[in-house]
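Novice: Protein chains in written order, with the working numbering: chain A, 1 to 803; chain B, 1 to 348.
Nothing false has been slipped in among the hints.
The calculated DSS-like cross-link candidates involving lysine-lysine, where the alpha carbons are at most 25 angstroms apart (straight line), are:
#, chain 1, residue 1, chain 2, residue 2
1, A, Lys-106, A, Lys-88
2, A, Lys-427, A, Lys-24
3, B, Lys-37, B, Lys-25
4, A, Lys-701, A, Lys-644
5, B, Lys-223, A, Lys-488
6, B, Lys-80, B, Lys-25
7, A, Lys-294, A, Lys-353
8, B, Lys-105, A, Lys-572
9, B, Lys-198, A, Lys-499
10, A, Lys-795, A, Lys-763
11, B, Lys-121, A, Lys-499
12, B, Lys-223, A, Lys-427
13, B, Lys-299, A, Lys-488
14, B, Lys-223, A, Lys-419
15, A, Lys-541, B, Lys-198
16, B, Lys-299, A, Lys-419
17, A, Lys-353, B, Lys-150
18, A, Lys-488, B, Lys-188
19, B, Lys-188, A, Lys-499
20, B, Lys-105, A, Lys-617
21, A, Lys-88, A, Lys-134
22, B, Lys-37, B, Lys-26
23, A, Lys-626, A, Lys-644
24, B, Lys-198, B, Lys-347
25, A, Lys-499, B, Lys-183
26, B, Lys-105, A, Lys-684
27, A, Lys-230, A, Lys-405
28, B, Lys-150, B, Lys-299
29, A, Lys-418, B, Lys-299
30, A, Lys-2, B, Lys-280
31, A, Lys-626, B, Lys-105
32, A, Lys-768, A, Lys-639
33, A, Lys-488, B, Lys-121
34, B, Lys-25, B, Lys-12
35, B, Lys-223, A, Lys-418
36, B, Lys-150, A, Lys-541
Since the hints were derived computationally from the structure, they do not count as laboratory data.
Just so it is clear, the structure is predicted and the values come from calculations on it, not from any experiment.
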Amino acid sequence: MKVSTKWLSDYITLEIAPQELAEKIERTAVEVDEVTRMSTGLKKIVVGFTKEVTQHPESDHLHLCQVDVGEAEPLQIICGAPNITAGKKVIVALPNSRIAGNVKIKRGKLRGELSEGMICSLQEIGFAEGVVPKEFAEGIYFLPDDAHVGEPVFDYLGMNEDVIDLDVTPNRADMLSMRGTAYELAAIYNKKLTLHHPAPMTENPAEVSAYIKPTAAPELASTYLMRVIKDVTVKPSPQWLQTRLWNAGIRPTNNLVDVTNYILLDYGQPLHAFDQDKLVGKNIQVRLAKPGEKLITLDEQERELRTTDIVIADEAGPVALAGTMGGLRTAVGPNTTTVVLESAVFDSSAIRKTARRHNLHSEASMRFERGINRATVAEALDAAAQLIAQLGDGTVVGGRAVATKEEVNSVSVAISLKKINDVLGTKLSMETVKDIFTRLDFTVSVSAAGQFEVQIPPHRWDISIPADLIEEVARIYGYDNLPATLPKGELTPGHYTYKQSVLRAARRLLEEAGLTQAISYGLTTHEKAAQFMMEASEETKLAFPMSSDRTTVRMNLISGLLDDIAYNTARKVNNVALYEQGRVFYRSAGNVRPREVEHLAGAMTGLFRNDTWYGAKQPVDFYLLKGIVEHLLNSLGVKDVQFKTATGHEEMHPGRTADIYAADKFLGFLGEVHPNICKEYALKATYVFELDLQQIIELPKKQAVYTPVSRYPEITRDVALAVDQEVENAAIVDFINAKSGKYLVNVELFDVYEGAHIAPGKKSLAYKLTYQDENTTLSDEVVTADFEKVMTKVKSEFNAEIR
Amino acid sequence: MDLKERLSELKKDALAEITNVDDLKKINDIRVKLLGKKGPITEVLRGMRDVPADQRPRIGSFANTVRDELTRALAARKEKLEIIKTAKKLEKEKIDVTLPGVAVKVGQPHIIEQVIAQIEKLFLGMGYQIVDGPEIEEDHYNFEMMNLPKDHPARDMQDTFYITDQILMRTQTSPVQARTMEKHDFTKGPLKMISPGKVYRRDTDDATHSHQFHQVEGLVIDKHVTMADLKGTLQTLARTIFGEKREIRLRPSYFPFTEPSVEVDVSCFKCDGQGCAVCKQTGWIEVLGAGMVHPNVLKMAGIDADVYGGFAFGLGPDRFAMLKYGVDDIREFYLNDVRFLQQFSQKG
Ligand SMILES: [Zn+2]
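Given the sequences, and given the hints that come with them, work out the whole structure.
Specialist: Printed below as a string of structure tokens:
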């Protein structure tokens, strides 16, 4: 809502600098987008009179104009506007003037002829395209004939007015009008308002029925009034009206349309004007649209109506979408002579639905949705009718045609001083609060019990409950004046839940291991959402996605990480180690809402360590990532972790992927991404893992209990076993552990060899077995006996050869 | 020359020899040569026979003094030579200390996560619980329980990704508050919570808009909670995140679930309120929204609005991070360029 302080001064005397006023509004009522004055930055732009206009000798579209600018001699100015003509008052940018966009105008020559300045269009002096009257849109502007030659143009065009652009929140629709804003400022500054009202009309109230007979269902239009103005001449509005409109951001059209817009801005009351001659019959009906009905609206769109749309219909069918947009068939135009004017209150939720469905959000529909001042529906109609008659040299036909008219009263809300102070944390006195209510134009009485009984006038329809009153007191009293304290209630413990601390610990562990946290998008493509999945799930899709890249909620984290890595490698960052902790969304058929499961995933590519002056580079590989996963699970207290050769992951390298289990629960997987998938993402070899953190949270955990450290020495035995390629390390380690005596405390693989010194198809695995007794020093004989017994079994079990 | 003079002469020569020796190995040779059984001192003392008996103790004592002196001189010289030897050895071991150290490979928490952690720490310390909730929500919790019935004009303020008519990507983390309020047993004490998490809006991504971002919403419900308590809490928050000197100010605003509703500005931490590009010359930066919980919200959650009341606030860690670290494009947070992510490694 663009508010001109000059217009405001019709209603309230403030004499406050516009910036200061804006600041006050912002601190007390609603946000201010900007404060502007159109003349700012412009200079030497004056009224000129085109005494003579002749063709430029060297051009067929330029004209030489002799322009009187109040100096001794007229200036010769070259003008290319198609509508340039002699005998008009025009906007002249003198030599060395400054027009919009900080452009300087200089004396110069154009095709051999001198041009001493420029004749300007409204756009050239800073008007937005959307507010320039259509007839001047393609050319220069003509000022009123009585404009004084040589004077600055700014006052004629309202360009010296300060305009405060309010960003009105949905709850303060009362400020979507000049009068509403004036009420608010009167409260803020404790001033008196002088609102003007239309003159009382002496008329025969029955005359109007000769023209129209409206009827309405009260649930669709609680008030529906019409007036008729006859013998009207349609023409441009006077300058003062055009100025008010364009300073409010509305394009002037003609005296009929402009008056309806003017009243909309002034009262916040949307009006609609019909051309009486185009209405079929006298009966005007406010009703719901019938199945199959259509309406061509003012924007020349044919709209299929639904049976929830409120329409205004004449005897031939719908002529307007109520409160939203009029129909083309009955629109007022240059030849209109009899105007039927509508002023009403329509059901807000129906208007909202209609506006949404037809994507027709207008100044009118916005106000009906948020509410309007029900006390001035008739007054706004009368004011509009009188102004149309005045500006169009017509006559208001006697009487308002009334279809419905609701009784509008003040609303009473009760609240105690204690409640106000309890909620705000203040110690306001009865007088202070009473004064605030009074300034707001509320009528207050205090009951014997000390309750305020507050009468809320209809122009503050947003106020209906005690909390509303508390807000009014708080903002007028001033938020700066509230004390700052902390809640004093019963003490409560603040701590993470077990689940929350596991999620956070998991993140820290991966960071310590060298992975950086990524946060990717939860919405992705249909294809990526379903990659790398750990369980079967239906996909969950948006009903109306914004783009094909974000249609489906993810069912894995890895695909997001691969996108991230691709983004990095595309920018020549080739060594990337990222992890993400977040949710995936699994949905079972028949359920609408998916299950949200906390996952943890990592992805690495390139080098883990670069070549340095002291050491060789370390490329990322399976075992590096496995080590990280092992460290993570161990640190989270997960017992008996097993890595099993996995083949079921379509997107993974079939020979380099392991499923991860603990206590027979599937926790996730790790491995190398399938080269085909890498190609799709434009990646080099990439290693990934994904874990179900919820499973990990639910698993029983190792209890940290102290075990005494043995004081007796360890004895070790090393052995290298030559086995078939297919034999897995885990099987050997498990076997040695199972078959050894109680003194074996550790089996550690320390070398793997394949190559020249071993038979083809074989590999050598070297282990260090560690023996220790808690209570005594072990003898070599005991260890050797146990070691050899086990090795014999290993040889036969794995067809192994001890090297 | 009498014995004493000979001893004095001997001492002088021996001390000169000790001072001049520069090889550790020779120190022992000198010691044997001077003080050994065949050494000159022993030799001199052999001549004691010719000394009158009454002078013998004096000469003997002097001879011992010379011996002690030479022993000390030898020890001192040895120590000195050892120091020199060590110094020479260490000098040879000199390295270029300007060569780079062995890099410690660690990752970093995401900057948004860091901001959230900072907020969590503050509120845990003030006795708040941290509550998580679903990212895919029911319209009922996301809007209706927040006093935003269907067809409410304020629904236009948030463009929503719907999955079905009733199911949507949550647009705020306040549905977590609605769910928690419904369950909370007030006989066990007040409800004090924050709910951090991801939220989604049907927005086109650009420098200042992202269809996915984060929120931390806070809620306190008790018997005597005031707007002054809200102001004090937010002041503490602003000072924790943006610095001790920060002031806040409240401006009227509108959120359907609070009344009164306020926008909260913090005094500009770049210019200390003098006016700069960050604060658009106003000295203040809008950082969050807040208010006193609307009685309808309490009633819908089954809480007696005549007895209980409270405050709520909501802030965007993305915006906080942008302000605090001067990030000018919100998309940076979700592209995960490691050169971006690894900049925020300072701890403490
Ligand atoms: Zn600043």
